[in-house]
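S.K.: What follows is each chain in one-letter form.
Protein chains: 2
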Amino acid sequence: MDGQPRLDAETKVAEVDHKAELRLWLRLLTCTTLIEAEVRRRLRREFDETLPRFDLMAQLWRLDHGMTLGEVSKRMMVSAGNVTSLVDRLVKAGYVERRPSPHDRRSQLIRLSRYGREHFGRMAAAHEAWVAELLTDLGDKDIAATMERLAKVKASVSASIARGGRG
Amino acid sequence: MDGQPRLDAETKVAEVDHKAELRLWLRLLTCTTLIEAEVRRRLRREFDETLPRFDLMAQLWRLDHGMTLGEVSKRMMVSAGNVTSLVDRLVKAGYVERRPSPHDRRSQLIRLSRYGREHFGRMAAAHEAWVAELLTDLGDKDIAATMERLAKVKASVSASIARGGRG
Numbered sequence: 000m001d002g003q004p005r006l007d008a009e010t011k012v013a014e015v016d017h018k019a020e021l022r023l024w025l026r027l028l029t030c031t032t033l034i035e036a037e038v039r040r041r042l043r044r045e046f047d048e049t050l051p052r053f054d055l056m057a058q059l060w061r062l063d064h065g066m067t068l069g070e071v072s073k074r075m076m077v078s079a080g081n082v083t084s085l086v087d088r089l090v091k092a093g094y095v096e097r098r099p100s101p102h103d104r105r106s107q108l109i110r111l112s113r114y115g116r117e118h119f120g121r122m123a124a125a126h127e128a129w130v131a132e133l134l135t136d137l138g139d140k141d142i143a144a145t146m147e148r149l150a151k152v153k154a155s156v157s158a159s160i161a162r163g164g165r166g
Numbered sequence: 000m001d002g003q004p005r006l007d008a009e010t011k012v013a014e015v016d017h018k019a020e021l022r023l024w025l026r027l028l029t030c031t032t033l034i035e036a037e038v039r040r041r042l043r044r045e046f047d048e049t050l051p052r053f054d055l056m057a058q059l060w061r062l063d064h065g066m067t068l069g070e071v072s073k074r075m076m077v078s079a080g081n082v083t084s085l086v087d088r089l090v091k092a093g094y095v096e097r098r099p100s101p102h103d104r105r106s107q108l109i110r111l112s113r114y115g116r117e118h119f120g121r122m123a124a125a126h127e128a129w130v131a132e133l134l135t136d137l138g139d140k141d142i143a144a145t146m147e148r149l150a151k152v153k154a155s156v157s158a159s160i161a162r163g164g165r166g
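Protein chains in written order, with numbering that gives the first Met the number 0: chain A, 0 to 166; chain B, 0 to 166.
Accuracy of the hints is not assured; some may be wrong.
In this list, chains with the same sequence are indistinguishable; a pair is considered to hold if it fits within one copy or across any two.
Claimed, not checked - Straight-line Cα separation of at most 20 Å, SDA-like style, residue types lysine to any residue; simulated pairs:
| no. | residue 1 | residue 2 |
| --- | --- | --- |
| 1 | 153 | 142 |
| 2 | 18 | 143 |
| 3 | 18 | 58 |
| 4 | 153 | 28 |
| 5 | 140 | 45 |
| 6 | 151 | 25 |
| 7 | 151 | 28 |
| 8 | 18 | 136 |
| 9 | 73 | 54 |
| 10 | 153 | 19 |
Rather than coming from a laboratory, the hints here were simulated on the basis of the structure.
Pulled out of the complex, with its shape left as it was, chain A reads as follows (with noise of 0.2 Å):
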């Protein structure tokens, strides 16, 4: 706010406020922008795979009695389309596999083949070290004050959104 030309007491909660928040989000969007792409580049780099694949096969390994193909598109909030490329692609590859739903025989479930979750496991391992090196500056309350106030600005965006966006 230094340098600026001197508001009045009302415009200047106004803008101020509203400043203070957009400069917070901007933030925490450049983190999650460095953090992705470095995680994107080591994926690419030591194991030849893409981000949305590394995700998708997450999303699997949680839930080792499969999912079907809406479950995961709705986790991963993308498009039943792009989930069902990634998904073909994988099951191609052998990481992914396809059976028939006990509870629904028209639906399939999709889950790791035994084979990718090797493959995962492997990954996921690479990815928490990745993760830690990132954040190798931060101490154990570093990170569990970061948490806190994570929690809040998780609970007010959640809060927001449940009453409709109407603030």
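Starting from the known structure of chain A, arrange chain B on it as the hints suggest.
M.R.: Positioned in the frame of chain A, the structure of chain B alone reads:
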């Protein structure tokens, strides 16, 4: 960490530390994804715009004298091909104009047209208000403290990347 089997000290340090950093990264990603998805929804609903178009216009907004396609592509961390097709559509809509660079007639500068500046100005004001709404439960002190925490995150990530990822 509650309810997990006891580990010896060495394993515990390695395991626990990495998990904490991974959890922090996932929380950061969750906050960003929530806000970004909401901004995307509202841009679509209220301005019939997409986030990549908004981001590109935001870059041009800052530099009134114009930028080359290469500069835009670098700043947005998006491939030149994607930027070209975005720009083509924005030119067609009348929001962006091309002119030869005064320094190098073979390269073109792109910038917002007057109509584009009006359009983006309205969106930017709305965007700032949306973000303020989403973060409305944070007081001034919360915002300042979160900014500081994220500055540490950003510094750690940047330093690690500068070291070539050798942590």
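S.K.: All hints, please: hold or fail.
M.R.: Hints, one by one, checked against the model:
{"no.": "1", "hint": "153 / 142", "in the structure": "both (16 Å within a copy, 13 Å between copies)"}
{"no.": "2", "hint": "18 / 143", "in the structure": "between (27 Å within a copy, 12 Å between copies)"}
{"no.": "3", "hint": "18 / 58", "in the structure": "between (36 Å within a copy, 17 Å between copies)"}
{"no.": "4", "hint": "153 / 28", "in the structure": "both (14 Å within a copy, 10 Å between copies)"}
{"no.": "5", "hint": "140 / 45", "in the structure": "neither (31 Å within a copy, 42 Å between copies)"}
{"no.": "6", "hint": "151 / 25", "in the structure": "both (17 Å within a copy, 15 Å between copies)"}
{"no.": "7", "hint": "151 / 28", "in the structure": "both (16 Å within a copy, 14 Å between copies)"}
{"no.": "8", "hint": "18 / 136", "in the structure": "between (29 Å within a copy, 15 Å between copies)"}
{"no.": "9", "hint": "73 / 54", "in the structure": "within (13 Å within a copy, 25 Å between copies)"}
{"no.": "10", "hint": "153 / 19", "in the structure": "both (17 Å within a copy, 18 Å between copies)"}
In summary, the structure is inconsistent with hint 5 from the numbered list given earlier, while agreeing with all the others.
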